[in-house]
Amino acid sequence: MCSPHPMWLMVLLSGLLALNLSNAAEAVPLKLTLAEARQRALEKNLQLKIQRLDPLMAKLSLRAAQGVYDPLLTFETRRENLADLGGYDPADFSKDAIYEAESHIARAGITGLTPIGMTYSIGGDYANSFGTRNYVYFDSYNINLDLFISQPLLRGFWIDQPRMLIQISRKQIRSTTLALRHAVMDVLQQLEQGYFELMYAQENLAVYRNLHASRQRLLEAVQRLARGGLLTEADVNLAESQLAATAAELEQAQEMVRLAQNNLRLIMGEPFAENHNAPLEAAEILMAIPQANEYSQSCRTALAQRADLAWLRTEAEKAEVDLKFRYNQLFPSLNLVAGWGRRGAHTLQDFWMPPRASSGPAWNQLFGGDSPSDMVGVVFNMPLSRTAERANHRLSRQRKEQALLMVRQKEEMVMREVADALAQADAAWRRLQRQREAVHHACQVLTAEEKKLMGGKSTVLFVLQFQTDLAMARSRELRAMADYNQACARLRFAEGTIIEASGMQMEIAP
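Our numbering numbers the first residue of the sequence shown as 312 and each following residue consecutively.
Keep in mind the hints are simulated off the structure, nothing from the lab. Hints are not guaranteed to be accurate.
[To be verified] With a straight-line Cα cutoff of 20 Å, these simulated SDA-like cross-link-like pairs (lysine to any residue) come out:
| no. | residue 1 | residue 2 |
| --- | --- | --- |
| 1 | 635 | 429 |
| 2 | 355 | 345 |
| 3 | 635 | 701 |
| 4 | 360 | 582 |
| 5 | 355 | 366 |
| 6 | 635 | 702 |
| 7 | 721 | 709 |
| 8 | 482 | 611 |
| 9 | 370 | 540 |
| 10 | 721 | 623 |
| 11 | 370 | 480 |
| 12 | 635 | 703 |
| 13 | 721 | 540 |
| 14 | 355 | 493 |
| 15 | 360 | 491 |
| 16 | 355 | 497 |
| 17 | 721 | 616 |
| 18 | 763 | 540 |
| 19 | 763 | 779 |
| 20 | 360 | 501 |
| 21 | 360 | 816 |
| 22 | 482 | 714 |
Sequences are here, hints too, so could you generate the full structure?
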């Protein structure tokens with residue numbers, strides 16, 4: 312079997328070394344504090360970008376709903392030519408005239424709806440007609456001005472469909488703002504969980520690096536003692552075996568760091584395709600600061616601050632608005648109607664030649680009130696069975712009851728979340744204290760056993776076991792510390808105070 316030429320090996324090793332140095336030079340780690348990671352998540356997280364559009368769209372929907380009160384201006388103008396040869400019509404004895412006329416007509420008006428349910432209409436007509444009627448020339452001007460209003464007194468009086476939509480649209484702004492706040496809370500909780508997990512993975516990696524370095528030093532010491540005849544070749548093989556096992560565990564710890572980095576990048580909204588190879592490091596040191604929490608106070612805070620609970624209450628308020636509208640629809644329609652009008656006209660006729668009338672007299676009559684008109688009355692109508700109205704009212708009442716039950720259900724869930732978070736934080740803190748004691752004792756035992764080994768009074772197996780015990784104790788201490796911080800983050804989320812605890816403020820629409 313041919314062995315590779317030494318020159319080729321040197322070239323290959325040189326190339327690999329150059330590649331590693333190039334990657335090390337390019338991969339500059341990005342160190343972030345927890346506050347910096349929060350800021351990046353709030354700016355770049357895609358879910359938050361999506362949710363931020365909802366309040367803006369809700370405000371536009373409210374503006375669209377309020378547009379129902381915009382007055383509608385109409386204007387029309389046309390020219391007409393009419394002719395009739397007359398003749399007897401048994402259906403209408405008045406249609407016996409022979410005429411040919413041309414008319415210029417213009418109409419303008421404003422119609423609209425008011426916030427109290429009143430509809431109004433203001434309009435005016437202008438017409439100039441000239442031609443012949445029964446072989447008599449004529450020229451006529453007609454001008455009309457009228458006003459009409461209709462005010463509901465029962466159905467549609469205290470609420471109608473436009474007012475219902477406006478009230479619900481206002482509450483929808485609050486709903487979308489609360490949903491956005493809950494999304495921010497969720498992202499901040501995920502971020503803190505991910506950041507503490509990265510801190511744990513980094514420091515756990517440091518523990519295994521220290522263990523690897525300790526076993527490397529132990530191997531060197533065992534080899535020296537074996538050369539001096541104090542230890543056997545089996546002791547050397549045992550030390551080498553444990554060093555290789557620790558190297559495998561070190562690779563696993565490095566993989567945990569990589570996974571924690573990718574999870575944190577995802578929460579922060581960093582483009583994965585661009586940054587998945589760039590190292591990400593937590594710039595803070597994992598530590599546990601004791602916090603005093605009391606269940607009843609935490610529950611009161613949660614019931615007042617939780618955005619998802621406030622969102623359900625707003626949904627119940629929407630159901631109340633719909634129920635109010637459906638109840639009003641049970642009443643008959645009783646509308647007060649009123650009208651007012653003025654008219655002016657000027658007509659000239661001649662048998663021999665076309666006359667020339669003027670619009671001036673018509674305007675004078677209009678402004679002088681020579682031909683007034685007015686009316687006032689009521690219009691009543693009601694479906695005899697009101698089947699649809701009754702069914703819709705019962706349906707709306709059931710929806711409100713369902714919404715209130717959902718609020719009660721969520722309140723129970725919130726209190727349970729608070730209790731669980733408090734229990735987890737308390738358990739993690741107690742476990743942390745025990746692990747700190749375990750680390751202290753394991754460190755003392757290992758130090759004593761290493762001295763005994765150097766004096767020939769112990770074995771390599773004992774030292775290796777105590778090194779493993781110390782590393783595991785330190786790893787469990789770090790795990791308990793990370794668990795405690797993550798439990799505190801869950802508690803702040805359960806209380807609904809995680810945004811304010813992060814040093815931020817978020818306004819909620821009234």
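Outcome of the hint check:
no.	hint	result
1	635 - 429	19 Å, holds
2	355 - 345	15 Å, holds
3	635 - 701	13 Å, holds
4	360 - 582	14 Å, holds
5	355 - 366	18 Å, holds
6	635 - 702	14 Å, holds
7	721 - 709	18 Å, holds
8	482 - 611	24 Å, violated
9	370 - 540	86 Å, violated
10	721 - 623	8 Å, holds
11	370 - 480	8 Å, holds
12	635 - 703	11 Å, holds
13	721 - 540	73 Å, violated
14	355 - 493	17 Å, holds
15	360 - 491	10 Å, holds
16	355 - 497	15 Å, holds
17	721 - 616	13 Å, holds
18	763 - 540	17 Å, holds
19	763 - 779	17 Å, holds
20	360 - 501	16 Å, holds
21	360 - 816	18 Å, holds
22	482 - 714	15 Å, holds
Checked against the numbered hints given earlier, the structure breaks hints 8, 9, 13 and satisfies all the rest.
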